[in-house]
Structure formats: C-alpha cells, structure tokens
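Engineer: Residue 369 in this note's numbering sits at position 147 of the sequence shown, with consecutive numbering throughout.
Bear in mind the hints are in silico, worked out from the structure with no lab data behind them. All residues carry an ideal CB built from backbone N, CA and C; glycine is no exception. Incorrect hints may have been included.
[Unchecked claim] Distance ranges between label pairs, derived from CB positions: (1) Q328 / E380: 33 to 39 angstroms; (2) A294 / I342: 30 to 36 angstroms; (3) R285 / Q375: 32 to 38 angstroms; (4) I234 / R272: 18 to 24 angstroms; (5) G311 / N281: 17 to 23 angstroms; (6) G329 / R272: 27 to 33 angstroms; (7) Q313 / R290: 15 to 21 angstroms; (8) E308 / H344: 34 to 40 angstroms; (9) H297 / Q328: 31 to 37 angstroms; (10) R306 / E372: 33 to 39 angstroms; (11) G293 / I342: 29 to 35 angstroms; (12) F348 / G293: 35 to 41 angstroms; (13) I234 / G293: 19 to 25 angstroms; (14) I234 / Q313: 28 to 34 angstroms.
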Amino acid sequence: MIGMCSDIHDNIWALERAIPLLAPAQVVVFCGDFCAPFTLSQLAEGVSPRPLHVIWGNNDGDRHALTRVAGAFDHVHLHGEFARLELLGQQVLATHYPDIARHLVQGSTADIVCYGHDHIAHEERFGETLLVNPGEVMGRLGHRTIALIEPSQANQVEFVEFD
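All chains, full assembly: derive it from the sequences and hints.
Structural biologist: Quick look at the structure:
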C-alpha cells in the first residue's frame, strides 16, 4: 500500500495523529509544505524505516535545513519539485501543484499522479491514470486527511479523515 500526505504546515499535533494512520503503507509520499525542518524530522521518525519520498512545496522555505534533516535519515528521499517514482510496481508522478498535476495527467502513461497545495482531498481517473490529492494534515479547511492507495486493487484510494 502507498501512503500519501501533504500540507502539514507545522501542525505537529495533527501530524502526531496522522502518523499511525499511515501504518498500513509500505512506502509514503509527501506532496509538500512541511514548512519547518522539525516537521520533516517528526514525519521521518514516525514512518521509519519505510521509504519516505518528499516533494518540495511552496512553503518549504529553508530547503538547506530541510536537506540537512533529511540527510540524517537513510529512508528519506528528497526529489525537489517533481518526482518520477516506481513504487510497488506503479509509476508515480508527484508534484505540489494542482495545475502541474493536471497537465502531467493528460496523456500520461503513469499509474498515479499526485499533488497537494490546495488542501482538498481529491481523486479522479483519466483513463488508467489516477489523479489524487491526499488532502491536508494541517486542518485549515476543517478536514484533515491522508490517502492510502492499494495498487493490487486498481489503485483504489481510501481517504482517512482524522481530527
């Protein structure tokens, strides 16, 4: 199972509640906006030793410090603003921005295209390609969610809401 989360915005209390929900995942993708490096550290410790793939968001300002924190963990992989990943037999494209994700999904041969930024949990199919936003951990819009995707079931998405 692939776990996805996005848009923590330093809400370490919400992240503390989200981490156990990612337990079924064999690998985790973060779609941007930790904000502070200590948030990356908390997520990395919480999902260890499972691989954590990180995409930069527009609020990840201190990338030097975030990179230094990521370097302390063997299982954390920084990809910059875009990633092309092979996860559990699925080709996954990841970005932070919805407009870029929608552009990527057009005519894509990827199995999954994921994004964050707008804080809204969303899934949509474009042929065989799943377009998904795991929603937000932060809770700014009132609905905190993460996403769990099951590749063995045609990339079925389960949004897990928490308070």
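Engineer: Verify the CB-CB distance for A294 and I342 against the hinted window 30 to 36 angstroms.
Structural biologist: 32 angstroms, holds
Engineer: Verify the CB-CB distance for Q328 and E380 against the hinted window 33 to 39 angstroms.
Structural biologist: 26 angstroms, violated
Engineer: Taking 32 to 38 angstroms as the stated bounds, is the beta-carbon spacing between R285 and Q375 within them?
Structural biologist: Taking Cβ atoms as reference, R285 and Q375 lie about 36 angstroms apart, which means the hint holds.
Engineer: Kindly confirm whether 28 to 34 angstroms is satisfied by the beta carbon distance between I234 and Q313.
Structural biologist: Since I234 and Q313 have Cβ atoms about 33 angstroms apart, the given range 28 to 34 angstroms holds.
Engineer: Go ahead and decide if the range 35 to 41 angstroms is satisfied by the Cβ distance of F348 to G293.
Structural biologist: 36 angstroms, holds
Engineer: Taking 27 to 33 angstroms as the hint, is the beta-carbon distance of G329 and R272 inside that range?
Structural biologist: 32 angstroms, holds
Engineer: Just to be sure I understand the hint, the distance between the Cβ atoms of I234 and G293 should be within 19 to 25 angstroms; is that true here?
Structural biologist: 21 angstroms, holds
Engineer: Determine whether the Cβ-Cβ distance between I234 and R272 falls within the hinted range of 18 to 24 angstroms.
Structural biologist: 20 angstroms, holds
Engineer: Does the Cβ distance between E308 and H344 fall inside 34 to 40 angstroms?
Structural biologist: 24 angstroms, violated
Engineer: With 15 to 21 angstroms as the target window, see if Q313 and R290 comply at their CB atoms.
Structural biologist: With Cβ atoms ~30 angstroms apart, the hint is violated.
Engineer: Are G311 and N281 spaced within 17 to 23 angstroms by their CB atoms?
Structural biologist: Cβ of G311 to Cβ of N281: about 32 angstroms, so the range 17 to 23 angstroms is violated.
Engineer: For the pair R306 and E372, does the Cβ-Cβ distance stay inside 33 to 39 angstroms?
Structural biologist: Distance hint for R306, E372 is violated at roughly 21 angstroms.
Checked against the numbered hints given earlier, the structure breaks hints 1, 5, 7, 8 and 10 and satisfies all the rest.
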